[in-house]
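> Here are the chains, one letter per residue:
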Amino acid sequence: MFTGASQFALVGVLGAGGGTLAAVLTALLLGARNSLYALSLRPYLDSAHSSWWRVLGRAQITIDESTAMAIRYPPGSRQARHAFWATGVAIFVLWNIGTLIGALGAAALDDPRVLGLDAAVPAGFIALLWPRLRDRSTIALALVSAAVAIALVPLLAPGLPVLSAALVAVIAERFIARSERTP
Amino acid sequence: MIWPAVIIGSIGAYLLKLTGYVIPARVLENPRLRRLTGLLPVALLAALVAVQTFSVGTALQIDARLAGLAAAIVALALRAPFLVVVLVAAATAAILRASGLST
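Protein chains in written order, with the numbering used here: chain A, 1 to 183; chain B, 184 to 286.
Think of the hints as simulated: they come from the structure by calculation, not from any bench. There may be inaccurate statements among the hints.
[Unchecked claim] Listed below are several chain B residues computed to face chain A (Cβ distance under 7 Å; list not exhaustive):
{"#": "1", "residue": "ALA196"}
{"#": "2", "residue": "PRO207"}
{"#": "3", "residue": "THR236"}
{"#": "4", "residue": "LEU243"}
{"#": "5", "residue": "ALA253"}
[Said to hold, decoys possible] Here are the computed distance ranges between Cβ atoms for each label pair:
{"#": "6", "chain 1": "A", "residue 1": "ALA157", "chain 2": "B", "residue 2": "ALA274", "range": "30 to 36 Å"}
{"#": "7", "chain 1": "B", "residue 1": "PRO207", "chain 2": "A", "residue 2": "VAL114", "range": "46 to 52 Å"}
{"#": "8", "chain 1": "A", "residue 1": "VAL114", "chain 2": "B", "residue 2": "LEU216", "range": "42 to 48 Å"}
{"#": "9", "chain 1": "A", "residue 1": "ILE97", "chain 2": "B", "residue 2": "LEU243", "range": "21 to 27 Å"}
{"#": "10", "chain 1": "B", "residue 1": "LEU243", "chain 2": "A", "residue 2": "SER47", "range": "26 to 32 Å"}
{"#": "11", "chain 1": "B", "residue 1": "SER282", "chain 2": "A", "residue 2": "ALA157", "range": "33 to 39 Å"}
What you are looking at is a predicted structure, and each value in this text was computed from that prediction instead of being measured. Ideal Cβ positions, reconstructed from N, Cα and C, are used throughout, including at glycine.
Produce the complete structure using the sequences and hints provided.
Here it is as structure tokens:
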């Protein structure tokens, strides 16, 4: 599994005593955004050389980070494809080495919080979010999504509060569509 | 039973990604879906930031992660690169905990 939030969720649910089905569902619901990343990446990555085996490779390394790096460049450009592959492959290698070290070193490390590793996770996500906050409506969407997710943390199973932000985005899209029709 | 979950989850996660590449491209011409695909990462990333900062399982907790996040935002405002942002956040939380100022 190469999609960080899903991996964390899978391990988290299993670790908390959840069953196989609950763990897989939570991970897949969290990973569903990758389909939309793939969808939005198509114009950025498509070229005359998009053979089927390239697409199979692309799919595996389609994650937050490779998407964020690719969409900084013009759609269909060489830079966009290079940024996507370089980021995806580098993170794939490092991530799995990290996972292996984590699996082997978990017993040796009493508490990852001592190193502040738990604080590194939200920092990584906000670094990905930061360049997307382009105007007032995206900033408002980010704030509302964060507030809704926090409010739902005590009420829903782990993983679902984050997914609820997708509904916030669907509602926000309707608002933005309406405001564009009546300028 | 860890491996069934890992294997089924991995196959499912891959197929979700592949779906986005192989569905008919004309779906992308739908302006509503186009707008939505731009908004979804903003909403989901913001929710991930919030949940990863304030939650412990299904409980809410304010701890050194919040200071780490604040430090990350300062670093981002100063246009620091990704790795610096992450390291600044981790170091801030680690120092606060080592000094006993925060949990």
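> With reference to the structure, classify each hint as holding or not holding.
Evaluation of the provided hints:
1. Given hint, ALA196 (chain B) at the interface with chain A, holds; its Cβ is 4 Å from that chain's nearest Cβ, closer than 7 Å.
2. Among the interface hints, the one on PRO207 (chain B) is violated; its C-beta lies about 11 Å from the nearest C-beta in chain A, farther than the 7 Å criterion.
3. Look at THR236 (chain B): its Cβ gets to within about 4 Å of chain A, closer than 7 Å, so that hint holds up.
4. Using the Cβ-Cβ criterion of 7 Å, the hint placing LEU243 (chain B) at the interface with chain A is satisfied: the shortest such distance is roughly 6 Å.
5. Contact between ALA253 (chain B) and chain A, as hinted, is not supported at the beta carbon level, the nearest pair being about 10 Å apart and thus beyond 7 Å.
6. Range check, ALA157 (chain A) to ALA274 (chain B): Cβ separation about 32 Å, and the 30 to 36 Å hint holds.
7. Distance hint check for PRO207 (chain B) and VAL114 (chain A): the Cβ-Cβ separation is about 51 Å, which falls inside the suggested range of 46 to 52 Å.
8. Under the hint 42 to 48 Å, the C-beta atoms of VAL114 (chain A) and LEU216 (chain B), about 45 Å apart, fit the expected range.
9. At roughly 33 Å, the beta-carbon separation of ILE97 (chain A) and LEU243 (chain B) lies outside the given 21 to 27 Å, and the hint is violated.
10. Separation of LEU243 (chain B) from SER47 (chain A) is about 46 Å and departs from the stated range, judged on CB atoms against 26 to 32 Å.
11. At roughly 35 Å, the beta carbons of SER282 (chain B) and ALA157 (chain A) sit within the given window of 33 to 39 Å.
The structure fails to meet hints 2, 5, 9 and 10 from the earlier list, while all remaining hints are met.
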